[in-house]
Amino acid sequence: AQSVAQPEDQVNVAEGNPLTVKCTYSVSGNPYLFWYVQYPNRGLQFLLKYITGDNLVKGSYGFEAEFNKSQTSFHLKKPSALVSDSALYFCAADSSASKIIFGSGTRLSIRP
Amino acid sequence: GAVVSQHPSRVICKSGTSVKIECRSLDFQATTMFWYRQFPKKSLMLMATSNEGSKATYEQGVEKDKFLINHASLTLSTLTVTSAHPEDSSFYICSASVASGTGGTQYFGPGTRLTVL
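Read top to bottom, the protein sequences are chains H and Y. Residue 12 in our numbering sits at position 12 of the first sequence, and the numbers go up by one each step. One rule links them: number in our numbering = place in the second sequence (from 1) + 1000.
In case anyone wonders, no lab produced these hints; they're calculated from the structure. A hint or two may mislead.
[Said to hold, decoys possible] One side only, chain H facing chain Y, incomplete, derived with CB under 10 Å:
id, residue
1, P7
2, K69
3, D94
4, K99
Since the model is a prediction, treat every value here as computed from it, not as a measurement. Positions of the beta carbon are idealized from the N, C-alpha and C atoms, including for glycine.
Could you put the whole structure together from the sequences, leaning on the hints where they help?
Following this line, the structure appears as structure tokens:
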């Protein structure tokens, strides 16, 4: 079965430090990969996506993600975390017909 | 750009009543709209996919007679929860895609919190 895994339920980082939120996928073919962020009681906001080309994708709010085909990973990164980055982050893969498979989500907590 | 709205943002209803949730793409025409359900501290569960002018495609285990979806235009889709029960209480999120086929980015609405008493 196709799936997207986010192995960490929660990631805690001090403000100003770099952050990484992990994501691996098991999807047939060459999937398109996405990161979304969700703030409390809100819908998901699109951060970035990978389709093809450069393995490092830059997105909104200073976030970027690195695609690694051999490791089937698409980790989300930011060089310097802000307290306002605290939210729930979802990795997703789209392998066919615009149907997206979501990971279970990772709660990112940035302490001042 | 690519803004999706949902109305209402929050609704409380009595058991047995029906509730309609609207999803609108405000500044683009959406070829496809999606309805998700999210349980507390859980990921999104796709309920159905709808294309304008055609019947929605429901995911396995989702009762199409209970969750009625109407995609009346390229900017409006509605989800009606019929004869709601407390177990239907959840956070419902819609999304709209600007392109059909693989790779179309989905833009999400802010969600609707449904509480059934």
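Each hint tested on the structure:
1. Interface restraint check: H/P7 against chain Y, minimum CB-CB distance 14 Å, threshold 10 Å, status violated.
2. The interface hint given for H/K69 is violated, since its Cβ lies 17 Å from the closest Cβ of chain Y, which is over the 10 Å cut-off.
3. Hint on H/D94 holds. Least Cβ distance to chain Y is approximately 6 Å, under the 10 Å limit.
4. Interface hint status for H/K99: upheld, as the beta-carbon distance to the closest one in chain Y is roughly 7 Å, under 10 Å.
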